[in-house]
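Asker: The residues making up each chain are set out below.
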Amino acid sequence: MNKKFDKNFWYVFGTSVGIIVVAVLIVMMIVDLSTTKGLTGQVIKNKDSIKLGLITPLTGDAASFGQAELDATNIAIDEINSKGGVNGRLLQLIPEDGRCNGRDATSAAQKLINIDKVRIILGGACSGETLAIAPISEPSKIILFAAFSSSPKISDAGEYIFRNSPTDNDWAPIMAETLTKQGYKKVAVVTENTDYAMGVRDIFKVKFKELGGTIVADEVYSQGSKDFRTQILKVKDGNPDVIFVNPQDDVSGALLAKQLRELGVNTPFYSAFFLSSPKAIELAGSAVEGATYLDVRDLSTNAGKALIEEYKREKGTPVSEFIIGANYDRVYIIKGALEKCSEDTTCIKNYLYTIKNYEGVIGTYGFKSNGDMDTVFLSMKRIVNGTSIVLE
Amino acid sequence: MIEAYLIHLLILVGIYSVLAVSLNLALGNTGLMNMGHIAFFGIGAYTSVIFTKDLGVPFFAAFLIAGLLTSVFGFILVYATRKLRGDYLALATLGFSFVIYSLMLNWSSVTRGPLGIPGISKPCFFGLCIANNLQYLIFVLIISAISIAIMYIIVNSSFGKLLAATRDDDIGLRALGKNTFMLKSKALMISAFFAGIAGSLFAHYITYIDPSSFMLSEVILIFTIVIVGGIASIKGSIVSTFLIILIPELLRFLNIPSSVLGPARQIIYALILLVIVLWRPKGLFGKIDLE
Amino acid sequence: MILQITNLTKHYGGIHALDKCTLDIAPKKITAIIGPNGSGKTTLFDAITKLITVDEGRVVLNGKDITNMNDYDIAKSGISRTFQQVRLFKNLTIKEHLEIALRVDDEKLFKVLLNKVFIKEKNNTHKIKEILALVGLDKPLETYASDLSYGQRKLLDLAIAIAKPHTILLLDEPVAGVNPKLRVEIVNIIKKLKSLGETIVLIEHDMNFVMGLADTVFVLEAGRVIANGKPSEIQNNKRVLEAYLGG
Amino acid sequence: MILAQLIANSIIIGSIYALVAAGFALVYSTNKFMHFAHGVMVAFSGYMLFLMFSILGVNFYISCFITLILAGLLGWISYRVVYEPLQKRKSSNVILLIASLGLLILLENTLMIFFGPDIKTINYFGIAKGIDILGAIVTPIQIAIIIITLVLLVGLYFFMNKSKIGRNMRAVADNKELTSITGINYRSIADLSFIIGSVLAGIAGILIAIEQNLTPAMGTGLIIKGFTGAVIGSIMSVPGSIIGSYILGFAENFGVWFLPSEYKDAIAFILLFIFLLFKPNGLFGVDKGVRNK
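Chains as they are written, first to last, in numbering that gives the first Met the number 0: chain A, 0 to 391; chain B, 0 to 290; chain C, 0 to 246; chain D, 0 to 292.
Keep in mind the hints are simulated off the structure, nothing from the lab.
Incorrect hints may appear among the rest.
What the hints assert, rightly or not - EDC-like cross-link-like pairs, simulated, lysine to aspartate or glutamate; straight-line CA separation at most 20 Å:
1. C:Lys89 x B:Asp167
2. D:Lys119 x A:Asp70
3. A:Lys140 x B:Asp53
4. C:Lys94 x B:Asp169
5. A:Lys185 x A:Asp236
6. D:Lys119 x A:Asp236
7. B:Lys121 x A:Asp70
8. A:Lys235 x D:Asp190
As the list claims (entries may be wrong) - One-sided and incomplete, this derived list gives chain A residues near chain B with beta-carbon spacing under 7 Å:
9. Asn100
10. Gly101
11. Thr105
12. Lys110
13. Ile114
14. Pro134
15. Pro151
16. Lys152
17. Ser154
18. Asp194
19. Met197
20. Gly198
21. Ser368
Said to hold, decoys possible - Covered stretches of chain D, going by a simulated chain A footprint (3 or more residues, C-beta under 8 Å):
22. 8-22
23. 108-116
24. 232-239
25. 253-265
By construction, the Cβ of each residue, glycine as well, lies at the ideal position given by its N, Cα and C atoms.
Please construct the entire structure, taking both the sequences and the accompanying hints into account.
Answerer: Below is the structure:
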């Protein structure tokens with residue numbers, strides 16, 4: 000090797016290493032300052048508080064869910080703090096933006112775990128976030144508690160991972176069974192091209208075919224699209240007995256329902272969750288009249304009603320009552336665990352596995368050995384005269 | 000424990016600096032306005048994951064295959080767009096990244112579509128596996144240092160001077176008997192190769208990939224890195240990667256309401272980009288004006 | 000004959016930029032192509048170097064048909080040219096320009112890298128200085144092209160055309176827009192090049208300029224050779240005078 | 000019946016694309032750079048209507064009027080603040096394109112800070128029952144969108160071809176250098192193109208807000224489809240870009256009829272890529288100044 004090459008190589012290598020070291024020092028200094036001398040007042044103020052991390056999308060397409068998660072979590076934490084906190088210590092929520100993707104979620108998790116030293120992370124929201132955080136939180140024995148992720152992959156992602164949202168495996172087969180029981184043989188599925196909805200679609204299709212039905216149309220639309228007319232036309236052309244409307248969120252579901260009816264498709268349609276959002280009903284109006292959907296069962300309990308009232312008063316119309324309820328419950332479940340175990344996560348983990356009949360605002364439930372909810376927590380509802388009624 | 004967080008950030012910086020320097024090789028040193036660079040990153044990530052996970056290829060082989068396959072896509076892109084120039088080239092490459100994005104999203108049998116691919120293994124070499132982030136950081140630093148050194152040598156070689164010449168005057172260089180199309184192809188293939196291996200590093204670090212990591216907003220992120228650092232400046236790209244990755248992380252420590260935090264971060268990117276474009280077209284370390 | 004051009008024809012819509020243009024270039028001589036503006040002189044150079052594709056006709060260099068070759072292959076096979084609007088690489092230095100022109104296998108990336116890493120790169124500085132001395136460009140080697148004056152750019156453009164391995168040198172209006180002093184210098188450079196055994200073809204619209212310089216003159220009008228011969232013969236050719244006065 | 004509905008669907012979505020594409024092409028044809036932030040002008044207008052009408056309770060038509068003025072103003076400001084300095088420095092259109100992307104992100108996130116990330120709706124006309132036209136079902140709002148687009152198409156055509164200002168704009172579009180010689184003030188033409196283009200975006204924003212809904216990030220999605228339509232027609236010509244948008248609408252809807260529907264966006268992107276490669280100036284443009292050599 001000649002001298003010139005050597006010089007070049009070491010120049011580049013040396014510079015990169017040098018810059019890295021300098022940057023490390025600077026960041027360390029800043030971090031040190033901020034934690035000990037208090038660049039950010041909050042750190043000092045709540046020195047004795049119990050920190051809870053929250054990872055949820057605060058920007059991007061899914062931000063409206065993230066905001067709902069944050070609001071609902073804050074309501075619960077404020078309630079607990081105003082009643083004196085947990086064992087005399089206040090709860091401090093540190094929300095981080097996971098942007099519904101793996102990279103930002105891992106950055107957020109690394110920050111929460113290593114800088115804020117949280118032992119409990121609420122989140123992620125999108126399954127993609129949760130799946131990306133799991134390999135980081137699990138080895139450090141951090142509790143990861145999702146209230147919104149439904150991917151079946153999360154069930155076996157780790158021992159310290161819990162959720163109080165139904166998995167797609169829980170409810171998509173129920174949907175297929177329900178439709179079969181109602182005597183529907185030919186179904187049209189319209190799905191939004193997102194991780195959640197596509198996961199549901201795959202499970203649903205398998206189950207429905209197993210039960211002897213046929214899929215006459217299987218349409219997909221991309222996230223954020225607002226024009227479904229040709230997909231609907233293909234649905235119409237398949238001449239189904241029933242339509243399974245399978246969107247990611249309330250707004251696209253409502254738009255889809257609206258366009259279905261606008262185009263004169265009067266086939267009954269079934270769906271899940273999104274119709275619990277008042278926004279969906281407001282948007283779609285008469286288009287969702289008579290629609291049947293699977294939803295979380297008991298948000299009409301007193302506690303649930305009160306929560307939704309409070310949420311409406313303080314934060315506005317919720318995107319989904321289900322999300323609000325699950326998030327609210329999540330904080331209280333953690334509160335119970337903290338009261339018993341303080342911040343010993345192994346104790347918390349074991350405690351959470353023992354929970355069997357927790358009475359939350361979304362119902363009474365516990366956790367299975369894989370950290371999922373043990374109760375399939377759903378009931379059929381129908382929109383009648385613009386409000387939903389429970390069918391049993 | 001601060002170290003662990005810093006290690007995480009440094010791993011990201013290492014990966015993105017390879018991505019930025021490789022973009023700069025095409026954009027700055029060769030003058031190829033490639034807005035499809037993020038697609039190369041994505042192709043590399045998916046290739047590496049599919050080869051290790053579905054086909055059981057050892058990591059290092061998959062890592063190289065990721066680079067090579069991406070490089071083939073680089074050639075396809077440069078061949079397809081060989082007659083375009085200026086903003087039409089920029090648009091066509093942007094169109095290319097959209098096409099690749101739809102492919103990742105819709106070719107579900109291979110990419111699992113929007114569900115993404117979870118549970119990606121950490122790299123192993125002959126039975127020795129990377130067990131923690133510190134080791135991964137060392138691995139990333141070695142790979143980045145080698146990659147950047149190679150690109151540095153290329154840029155400063157007589158070949159690199161030809162690339163600079165084709166950026167400045169393509170016809171003039173052809174009149175000197177140089178096949179500028181081949182030069183551009185090679186430049187973009189090298190650029191794509193390193194973007195591809197950066198993608199592989201990214202996928203095996205995050206352990207979960209889905210198409211959303213390779214979208215339009217990410218194109219703008221790496222463009223910002225290169226432009227802030229300075230056209231045709233490797234040093235600039237590296238420093239700028241630090242700034243652009245770390246500044247938003249520092250924001251996490253300020254008491255900004257979280258509903259504002261996310262947009263604020265994007266606004267900072269956009270403002271930095273506009274300020275540089277408007278008032279300092281050379282970027283921080285560049286010698287060449289953006290034109 | 001070193002370069003034979005036969006029946007080159009190029010139409011732009013209804014305009015004949017080149018119309019069955021035929022000429023032969025003799026080796027080791029200075030050949031001038033003159034004609035009024037718009038007579039197709041630069042188009043002829045562009046056609047020879049394949050910057051434009053002709054409709055018909057043949058170009059033969061040293062007995063080899065180069066009509067259908069790529070522009071860079073034509074350049075490689077031995078044609079060097081300058082441009083009326085100089086084409087330089089503004090972010091490269093004088094030295095880098097000449098190095099690019101002198102090297103022949105710098106496009107081969109792996110070879111370049113191997114050379115860079117294991118073998119000391121060939122030092123061209125001596126050769127570069129020689130060429131710069133020949134054209135009289137007296138600026139530090141590390142000067143960027145963008146920092147040169149118009150005249151210096153003309154000289155650098157000439158220098159890289161000379162540096163590039165070639166058998167024939169095409170100069171497109173070498174003195175257009177330069178001051179009288181530099182004009183004299185360039186004339187001297189061209190003469191010096193001839194004495195070194197170079198074959199030179201130059202384009203010029205000013206008839207008087209080529210009289211003392213060229214060995215042979217071709218006169219172009221509307222893309223067609225209307226006269227050729229020694230300068231003294233051309234000077235008195237009636238058609239040529241008509242063309243110039245009419246044009 | 001199906002065919003009629005497919006055609007209707009194509010025309011409806013084509014009209015929405017055309018509304019976005021027309022302004023984009025108008026700015027491009029006079030200024031020769033890609034004003035991607037045009038997308039966010041559409042979103043901005045929708046939100047301004049939301050602010051005026053739904054929050055402040057101003058009369059709907061007055062709100063629309065104010066929205067259009069604000070849209071024109073924002074377009075003009077963005078030209079003067081961002082683009083003009085760059086043009087003065089003789090930056091290439093690639094730099095202007097990058098600047099426009101910066102502007103797009105800046106404005107989009109500003110909207111997000113002010114209005115929040117959730118979806119806003121303006122339910123001024125309520126939910127309308129579809130009307131059956133030759134077997135295709137179309138709602139009154141959609142008919143309004145189609146009619147307004149067509150009126151704009153015709154209006155713009157006459158404006159560009161018959162009025163003096165329009166002819167000057169076309170002259171600038173054809174040859175910027177020449178017009179400065181003939182005494183046309185380039186700056187005022189550029190100002191005007193941004194104002195008119197942004198008012199067009201304003202009209203698009205209002206109609207889309209009523210027909211669909213508002214999200215801060217909607218601008219990006221719209222501009223991608225809008226410029227795809229413009230590229231197909233011709234980015235240099237307003238009527239061309241409008242026709243191109245309809246072609247895109249037809250291609251997407253007819254394509255999806257035969258292909259799995261998840262490929263709807265892919266069809267648009269592949270069309271965009273193919274057109275840029277093989278016919279970069281679109282079906283109605285001349286190939287000039289696009290390719291090397």
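Asker: Indicate, hint by hint, whether the structure satisfies it.
Answerer: We went through each hint and held it up to the structure:
no.: 1; hint: C:Lys89 x B:Asp167; result: holds, 6 Å
no.: 2; hint: D:Lys119 x A:Asp70; result: holds, 18 Å
no.: 3; hint: A:Lys140 x B:Asp53; result: violated, 29 Å
no.: 4; hint: C:Lys94 x B:Asp169; result: holds, 19 Å
no.: 5; hint: A:Lys185 x A:Asp236; result: holds, 12 Å
no.: 6; hint: D:Lys119 x A:Asp236; result: violated, 32 Å
no.: 7; hint: B:Lys121 x A:Asp70; result: violated, 36 Å
no.: 8; hint: A:Lys235 x D:Asp190; result: violated, 49 Å
no.: 9; hint: Asn100; result: holds, 5 Å
no.: 10; hint: Gly101; result: holds, 4 Å
no.: 11; hint: Thr105; result: holds, 6 Å
no.: 12; hint: Lys110; result: holds, 6 Å
no.: 13; hint: Ile114; result: holds, 5 Å
no.: 14; hint: Pro134; result: holds, 5 Å
no.: 15; hint: Pro151; result: violated, 10 Å
no.: 16; hint: Lys152; result: holds, 5 Å
no.: 17; hint: Ser154; result: violated, 12 Å
no.: 18; hint: Asp194; result: holds, 5 Å
no.: 19; hint: Met197; result: holds, 5 Å
no.: 20; hint: Gly198; result: holds, 6 Å
no.: 21; hint: Ser368; result: violated, 20 Å
no.: 22; hint: 8-22; result: holds (count 4)
no.: 23; hint: 108-116; result: holds (count 4)
no.: 24; hint: 232-239; result: violated (count 0)
no.: 25; hint: 253-265; result: holds (count 7)
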